[in-house]
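2 protein chains.
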Amino acid sequence: MTEPARVDDDAPIEIPLGDAPDAPRLSITRARRPATATAQVVDHEGLPREVEVPGEHALTVYLDKHEVVTLMTLGQAPEALIMGYLRNQGLVESLTDLKSVHVDWSTGACAVTTHSARAPLERMAKRTVTTGCGQGTMFGDWLDALQPLATDATLAVATLDAALARILALDTIYKRSGSVHGCALLHNTPEAPLLYHVEDVGRHNAVDAITGFMWLDEETGAGKIFYTTGRLTSEMVMKAVQMGVPFLVSRSGLTQMALKLAEDMGVTLICRARVGRHLVYTHPHRITRTPE
Amino acid sequence: MTEPARVDDDAPIEIPLGDAPDAPRLSITRARRPATATAQVVDHEGLPREVEVPGEHALTVYLDKHEVVTLMTLGQAPEALIMGYLRNQGLVESLTDLKSVHVDWSTGACAVTTHSARAPLERMAKRTVTTGCGQGTMFGDWLDALQPLATDATLAVATLDAALARILALDTIYKRSGSVHGCALLHNTPEAPLLYHVEDVGRHNAVDAITGFMWLDEETGAGKIFYTTGRLTSEMVMKAVQMGVPFLVSRSGLTQMALKLAEDMGVTLICRARVGRHLVYTHPHRITRTPE
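Note that the protein sequences, when read in sequence, are chains A and B. Heads up: the first sequence begins at 1 in the numbering used here, then just goes up one per residue. Heads up: the second sequence begins at 1 in the numbering used here, then just goes up one per residue.
The hints are simulated quantities; they were obtained by calculation from the structure and are not laboratory data. Computed from a predicted model, the values in this text were never measured in an experiment. Check before you lean on any hint, since a few could be wrong.
Okay, the calculated bits of chain A under chain B, using three or more residues with CB under 8 Å as the criterion [said to hold, decoys possible]:
1. 16–30
2. 270–278
Looking from chain A toward chain B, a few residues come up when the C-beta cut is under 8 Å (computed) [stated by the list, open to error]:
3. Gly55
4. Leu95
5. Leu194
6. Leu195
7. Arg231
8. Gly253
9. Leu254
10. Met257
11. Leu259
12. Glu263
13. Met265
14. Gly266
15. His283
16. Thr290
Even for Gly, the Cβ is constructed at its ideal location relative to N, Cα and C.
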């Protein structure tokens with residue numbers, strides 16, 4: 001799916017998890033918030049103007065009735081965001097353990113239930129909360145748990161440019177209002193078709209939502225390219241490793257630790273990426289060019 | 001102080017907290033990391049180039065020997081960052097309760113000790129952890145604890161432009177390498193002198209470091225302007241309220257919740273700010289112009 005069909009109500013639907021006829025079914029809502037609102041502003045000359053502002057909503061996640069976290073989100077893909085968050089935090093390990101993911105914007109709550117319904121202390125003890133905007137916990141444990149990517153994947157410059165052109169052609173919330181980050185997962189094939197594109201007020205939410213979509217669709221990172229508008233920090237690299245994606249592309253820059261981690265973990269970092277321009281920071285041998 | 005004199009070693013110094021002759025003394029290091037490193041990259045044509053990359057370092061904070069959090073930081077003002085973080089999270093309430101703040105980069109640890117040395121469970125129970133990049137906890141509690149700013153402060157457009165010009169004139173890490181955010185606190189007077197300027201990989205770190213400097217210097221937000229390169233989210237607005245600064249200026253945009261909070265909390269938000277251009281989103285009556 002490129003972007004799930006969305007309805008602006010909270011009525012849950014049932015999704016089979018897997019292809020078996022008796023596959024367990026996940027009860028999940030498709031509740032999306034309006035992307036932007038109109039604001040009245042005053043410019044430098046004192047004149048009134050109207051501009052679009054992206055939404056930001058608090059969403060408190062309850063896992064088997066225990067409060068986990070409050071996420072501040074644009075609200076475009078809240079169910080995928082929460083599933084991806086729970087997966088990346090190690091709070092739910094198996095997709096088939098999920099019973100329901102219900103978002104109710106009237107209360108600002110998302111109720112997630114599982115079949116195993118394990119005690120919260122047990123889950124929380126395994127939790128690795130880190131935020132990547134400079135504030136986090138148990139970073140060392142998280143890092144230790146990661147395995148470097150073992151891959152012989154290559155990426156043609158022409159494919160990278162096709163991916164970037166495809167993203168630029170999207171009608172995004174960012175184009176309307178700015179102030180949001182966007183992430184995308186594309187196929188590493190010459191046409192670079194888009195699997196998922198998500199925007200959110202924080203890029204880590206956007207990454208978690210992509211993780212959530214991949215989880216639901218049982219997609220792996222192999223044969224994929226991950227794009228983000230935000231900078232590549234250590235946490236972004238670790239999420240790429242968790243997702244199994246060898247190519248991490250950003251319109252922006254990166255930090256030293258992201259570079260070192262990517263080198264060690266086998267992720268190719270491509271920054272300052274535009275159609276026709278980019279810089280490859282790690283494992284550049286994977287990037288191929290058509291001979292002139 | 002605009003920026004404390006820094007030495008690249010960890011030897012602590014003693015700072016008196018307050019003006020009294022018998023004022024308690026804080027033992028504090030001044031340990032700064034190199035701002036950038038040089039990276040070898042490959043460009044779109046396959047040619048090698050050298051670029052600067054900002055540093056990013058994990059710093060684990062121990063409060064009276066109990067692990068609190070790991071912060072990912074550029075490392076330009078780690079002591080101020082940690083003090084500001086602890087203050088903003090409500091983990092240390094009084095400046096004079098602080099005994100020592102010692103950063104040791106060789107272990108990636110900052111040991112903070114207090115005179116009261118309260119039990120960690122007591123502190124943690126009061127903790128409000130939120131990250132502002134879309135992931136946080138106990139948002140509602142934090143919000144409930146804030147009081148709206150009561151102020152009749154005004155800001156002249158000429159002063160705002162002077163502040164922006166002063167910031168643009170700084171020799172910043174951003175100018176060398178990109179990929180970092182910067183925050184500044186300036187006086188709301190015609191020359192807009194700069195009190196503090198901090199850059200970090202995450203803007204919330206930069207804000208916390210400014211909070212730390214203000215705390216040490218016993219500065220209030222009254223009569224000040226706060227500038228950030230990052231977007232204004234709900235968390236940025238709440239920190240402005242906590243700091244008591246009525247004018248929050250960003251080069252970038254904002255979210256809907258930031259706008260609503262600022263309206264309710266009495267903070268003037270000014271976005272898309274350049275010298276000679278800006279948009280005022282809330283409480284625009286506070287902005288004054290010289291008649292033509």
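**Message:** For a quick check of understanding: which of the numbered hints are violated here, in increasing order?
**Reply:** Hints 1, 4, 5, 6, 12, 13, 14, 15, 16 not satisfied by this model.
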